[in-house]
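S.K.: Please take these sequences and the hints and turn them into a complete structure.
Number of protein chains: 2
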Amino acid sequence: MSNAYAVILAGGSGERFWPLSTKARPKQFISLFGGRPLLSLAVERLEGLVPPERVFIITAEHLLHDTAEAAWNIPRANIIGEPCKRDTAPAIAVACGLVHGRDPEGVVCILTADQLMSDVETFRLTLADAVTVAHHEKAIVTIGIPPTCPATGFGYIEAGAALNTTRTVTPFNRAERFVEKPDAYTAARYVESGRYFWNAGMFIWRTDTMLDTLRAHAPDLAALSESVAEAAHDPEALDAVLRGTYPTLRAISIDYAVMEHAQNIIMAHGAFGWDDVGSWPALHGHFTADAEGNVIVGACETREAQNNIVVSEDRLTALIGVRGLVVVHSENATLICPLDRAEEVKKLIRRIAARPDGEKYV
Amino acid sequence: MSNAYAVILAGGSGERFWPLSTKARPKQFISLFGGRPLLSLAVERLEGLVPPERVFIITAEHLLHDTAEAAWNIPRANIIGEPCKRDTAPAIAVACGLVHGRDPEGVVCILTADQLMSDVETFRLTLADAVTVAHHEKAIVTIGIPPTCPATGFGYIEAGAALNTTRTVTPFNRAERFVEKPDAYTAARYVESGRYFWNAGMFIWRTDTMLDTLRAHAPDLAALSESVAEAAHDPEALDAVLRGTYPTLRAISIDYAVMEHAQNIIMAHGAFGWDDVGSWPALHGHFTADAEGNVIVGACETREAQNNIVVSEDRLTALIGVRGLVVVHSENATLICPLDRAEEVKKLIRRIAARPDGEKYV
Numbered sequence: 300m301s302n303a304y305a306v307i308l309a310g311g312s313g314e315r316f317w318p319l320s321t322k323a324r325p326k327q328f329i330s331l332f333g334g335r336p337l338l339s340l341a342v343e344r345l346e347g348l349v350p351p352e353r354v355f356i357i358t359a360e361h362l363l364h365d366t367a368e369a370a371w372n373i374p375r376a377n378i379i380g381e382p383c384k385r386d387t388a389p390a391i392a393v394a395c396g397l398v399h400g401r402d403p404e405g406v407v408c409i410l411t412a413d414q415l416m417s418d419v420e421t422f423r424l425t426l427a428d429a430v431t432v433a434h435h436e437k438a439i440v441t442i443g444i445p446p447t448c449p450a451t452g453f454g455y456i457e458a459g460a461a462l463n464t465t466r467t468v469t470p471f472n473r474a475e476r477f478v479e480k481p482d483a484y485t486a487a488r489y490v491e492s493g494r495y496f497w498n499a500g501m502f503i504w505r506t507d508t509m510l511d512t513l514r515a516h517a518p519d520l521a522a523l524s525e526s527v528a529e530a531a532h533d534p535e536a537l538d539a540v541l542r543g544t545y546p547t548l549r550a551i552s553i554d555y556a557v558m559e560h561a562q563n564i565i566m567a568h569g570a571f572g573w574d575d576v577g578s579w580p581a582l583h584g585h586f587t588a589d590a591e592g593n594v595i596v597g598a599c600e601t602r603e604a605q606n607n608i609v610v611s612e613d614r615l616t617a618l619i620g621v622r623g624l625v626v627v628h629s630e631n632a633t634l635i636c637p638l639d640r641a642e643e644v645k646k647l648i649r650r651i652a653a654r655p656d657g658e659k660y661v
Numbered sequence: 300m301s302n303a304y305a306v307i308l309a310g311g312s313g314e315r316f317w318p319l320s321t322k323a324r325p326k327q328f329i330s331l332f333g334g335r336p337l338l339s340l341a342v343e344r345l346e347g348l349v350p351p352e353r354v355f356i357i358t359a360e361h362l363l364h365d366t367a368e369a370a371w372n373i374p375r376a377n378i379i380g381e382p383c384k385r386d387t388a389p390a391i392a393v394a395c396g397l398v399h400g401r402d403p404e405g406v407v408c409i410l411t412a413d414q415l416m417s418d419v420e421t422f423r424l425t426l427a428d429a430v431t432v433a434h435h436e437k438a439i440v441t442i443g444i445p446p447t448c449p450a451t452g453f454g455y456i457e458a459g460a461a462l463n464t465t466r467t468v469t470p471f472n473r474a475e476r477f478v479e480k481p482d483a484y485t486a487a488r489y490v491e492s493g494r495y496f497w498n499a500g501m502f503i504w505r506t507d508t509m510l511d512t513l514r515a516h517a518p519d520l521a522a523l524s525e526s527v528a529e530a531a532h533d534p535e536a537l538d539a540v541l542r543g544t545y546p547t548l549r550a551i552s553i554d555y556a557v558m559e560h561a562q563n564i565i566m567a568h569g570a571f572g573w574d575d576v577g578s579w580p581a582l583h584g585h586f587t588a589d590a591e592g593n594v595i596v597g598a599c600e601t602r603e604a605q606n607n608i609v610v611s612e613d614r615l616t617a618l619i620g621v622r623g624l625v626v627v628h629s630e631n632a633t634l635i636c637p638l639d640r641a642e643e644v645k646k647l648i649r650r651i652a653a654r655p656d657g658e659k660y661v
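Protein sequence lines correspond, in order, to chains A and B.
Numbering of the first sequence is given in the numbering used here, commencing with residue 300 and proceeding in unit increments.
Numbering of the second sequence is given in the numbering used here, commencing with residue 300 and proceeding in unit increments.
There could be a bad hint or two in this list.
Intra- or inter-copy, both count: the list cannot distinguish identical chains.
[Unchecked claim] Quick list of in silico lysine to any residue cross-link-like pairs, SDA-like style, CA-CA up to 25 Å:
| hint | residue 1 | residue 2 |
| --- | --- | --- |
| 1 | Lys-646 | Glu-603 |
| 2 | Lys-659 | Gly-620 |
| 3 | Lys-384 | Ala-483 |
| 4 | Lys-645 | Thr-465 |
| 5 | Lys-645 | Arg-602 |
| 6 | Lys-437 | His-560 |
| 7 | Lys-322 | Ser-611 |
Rather than coming from a laboratory, the hints here were simulated on the basis of the structure.
As the structure is a prediction and not an experimental result, all values here were calculated from the model.
M.R.: Structural data, given as structure tokens:
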């Protein structure tokens, strides 16, 4: 992939995996899977596919240090800190500008930092095929994940006609439309139809295609992208662009800003075991449970305790007679809640943040 | 109390308050109550009643350092480490010998290190009265606690005729008999009768009375006591006596060895809010619960969580939707179990001790 660049979006707020993840250490830094931060796994998946000097990471300013540590082989100048949170569209405009400034014909792969893929080889093949198609078709290529359940937590992509391409192994379709997170009924209909795929937030396109699209649907972001392209080789100038522009930008997702309006979007089938690992209960899919259904990461002894998820890496947890609990210890906090109420942690975090010592914990 | 000495028995195994208490830091060292170790409270209760140089502490050898720290105002030479565990009777024989060697007419108060008394002034008055009675009656004086519930975890003392004494404020009775921990039905009958009191393991007597009693019922312990009396002023000789004798002794409680056989036992009424604080659920009696019935020591935020006991002094615990749990964190372990199963922690501790890294936790 001689003209391919990768940009990993690594912002993240860290609420769903509290207390292991926090504002200061969001989800992409948690090391539950193979003992490696999710961000490190995201970088490693690109090895041999995109050379490190062509990999960029866009993160929050306060995460720059930890990001550089987790992505140790990526040049430090390729790791960009956003001065403030503005959702995905501005970050992607920056990404696009960074690549365009180096290679106006480059193909940029927008990837995420905090998801798992069980079949890395297929992911790499899919990405290589997507780059090929993006290059030749001058299209926006997105990756649609074949849904394994009627999830209501993702947006969906409706697939249209199959694309005939002899250059690739991966199946491609026209993307008819992007739809927002559905209700449960709609999600079930989507999955039954076989025509809807999860929107995994990954996009591949030539930077010139992207700039044209931004100019058509989000001129302010196109302007940002062009300023970034001009400053791409001068870190101080780039810093000035970001600091000058970001505070004035609206926060908007790439789906709203571009995908729901753009034409010529092609969807690659992403059959590589993608998993958002969206909350504590999702750990059940990634670890082998003991004979009583307990998923244990770290040190735990149980007595008549069933179907619990325990993350106890720096201490021993002793469970007696409890069922269906999530028990997670971080360095200075512990969460205990039923599996089916893990979502409520977001509400409790607000209360914790409001404590006089709240900063310590969230 | 010019002729009074106190001996605090501070052995303890530390299972019931695991993980806060451990073999290395048994119950008398836990600082849940007013931030002070129970042993420190036991020492402080004697202030102005028995001068520090007349207070002795008998503990386990491996606890000497922490004992000296918690009982910082007691002369180091008064803190004796037992070479091995042999239950209460040998420790009391040693205590008796230590005092007898200094003052053959001394009155020794055998006290415990790991209980609470809510009305310290009444305790002090009761103890002073018990010393007076022990001195004049040449009797074994024990303190019986008026039972507040039909507890099955304590031995009981059956009270006989009231003692007429003009010298004291505290009521005294003859002690008819000592009975072992009863079953629930028997305990209920005991409490109804009004004639049974909890045996709190506190005994007051002249050392000459005690030596006579030991000679009659436990000659081996009388011999130990006499050897200790002879060595009482020579730390090396005392050490040699303990090391030479202890391994050969049977482990036996003072109740079995002496109290169930001895005559002339008098019981003081101990109406000073004595509490054994026998297990985690007992904390409900010593802390004010929040509006949802949660007893919280340390930092905790809850959401729809009721009637839990949380000890979280070095970390924040977040509870969502759980009820009736004990959650206790120590430096390196956490216990989570329903209140009514807290007793089972003893069984789990055995499993934890058997882990390759078990020593760290128990």
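S.K.: Check the structure against each numbered hint from earlier and tell me which ones fail, lowest number first.
M.R.: 3 and 4
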